[in-house]
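A.B. asks: Residue-level listing of the chains:
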Amino acid sequence: ETGVTQTPRHLVMGMTNKKSLKCEQHLGHNAMYWYKQSAKKPLELMFVYNFKEQTENNSVPSRFSPECPNSSHLFLHLHTLQPEDSALYLCASSRDQGAGPYGYTFGSGTRLTVV
Amino acid sequence: DAKTTQPNSMESNEEEPVHLPCNHSTISGTDYIHWYRQLPSQGPEYVIHGLTSNVNNRMASLAIAEDRKSSTLILHRATLRDAAVYYCILTNYGGSQGNLIFGKGTKLSVKP
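Chains as they are written, first to last, in the working numbering: chain A, 1 to 115; chain B, 1 to 112.
Calculated directly from the structure, the hints in this document are not laboratory data. Treat the hints with care, as some may be off.
Here are the simulated BS3-like pairs of lysine-lysine, each with C-alpha atoms no more than 27 Å apart in a straight line [what the hints assert, rightly or not]:
(1) A:Lys22 x B:Lys104
(2) B:Lys3 x A:Lys19
(3) A:Lys40 x A:Lys52
(4) B:Lys104 x A:Lys18
(5) B:Lys107 x A:Lys19
(6) A:Lys40 x B:Lys107
(7) A:Lys40 x B:Lys111
(8) A:Lys22 x B:Lys111
(9) A:Lys22 x A:Lys52
None of the values given here were measured: they were computed from a predicted structure.
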């Protein structure tokens with residue numbers, strides 16, 4: 001257990017479904033991140049939140065909608081996804097945006113399959 | 001784009017030392033050098049980090065070039081469990097997007 005908990009671990013959804021991914025940390029970190037990792041591809045930064053405010057949106061399609069109600073929780077709302085959105089979605093947190101000397105803590109990820 | 005470059009893959013024999021290089025020629029004076037590794041279907045986990053001096057911990061050693069434009073992660077005796085993708089990334093305070101982007105990393109294979 002890393003201190004960053006992602007649920008669910010696995011998710012299969014149809015292209016017309018709406019689902020949400022959840023990330024939770026109680027490390028006292030102020031920054032939280034969503035990354036996407038497609039098969040055999042590097043990590044792709046999606047969104048960054050710092051003190052609950054979105055600071056980065058890396059040109060992510062609107063079918064992905066993030067929500068950060070507080071510094072401990074981060075959600076990724078999914079709707080009308082495409083099969084190419086199937087990937088491992090990773091949440092990370094850090095004490096401050098940019099991580100400084102303290103680095104990032106990652107969750108174990110949600111394996112998403114869109115059918 | 002990522003601010004670090006690493007070889008795509010490396011191979012090692014079990015119980016031999018492994019040196020994983022990373023180039024970061026545009027590193028700034030306030031950037032820390034972090035290394036993470038990712039096992040299949042898991043999130044990256046912290047390995048080691050440093051600023052200017054070489055660092056040792058129970059997992060690995062980090063050798064940082066004097067000009068800080070490159071670094072090397074050293075696994076002293078590779079085991080089969082060390083087979084993973086290793087990422088080198090620069091971190092700092094404030095976190096411009098370039099510092100939040102992971103490169104492709106180095107896929108380390110360990111042969112018994």
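A.B. asks: Would you mind marking each hint as holding or not holding in the structure?
C.D. replies: Hint by hint, here is what the structure shows:
1. A:Lys22 x B:Lys104: holds, 26 Å
2. B:Lys3 x A:Lys19: Outside the cut-off at roughly 34 Å; violated.
3. A:Lys40 x A:Lys52: Measuring from Cα to Cα gives roughly 31 Å; hence the hint is violated.
4. B:Lys104 x A:Lys18: violated, 31 Å
5. B:Lys107 x A:Lys19: Violated, at roughly 33 Å.
6. A:Lys40 x B:Lys107: Between Lys40 (chain A) and Lys107 (chain B) the Cα gap is close to 11 Å, so the pair holds against 27 Å.
7. A:Lys40 x B:Lys111: Given that 27 Å is the threshold and the Cα spacing comes to 21 Å, the pair holds.
8. A:Lys22 x B:Lys111: At roughly 38 Å apart (the allowed maximum being 27 Å), Lys111 (chain B) and Lys22 (chain A) break the hint.
9. A:Lys22 x A:Lys52: holds, 15 Å
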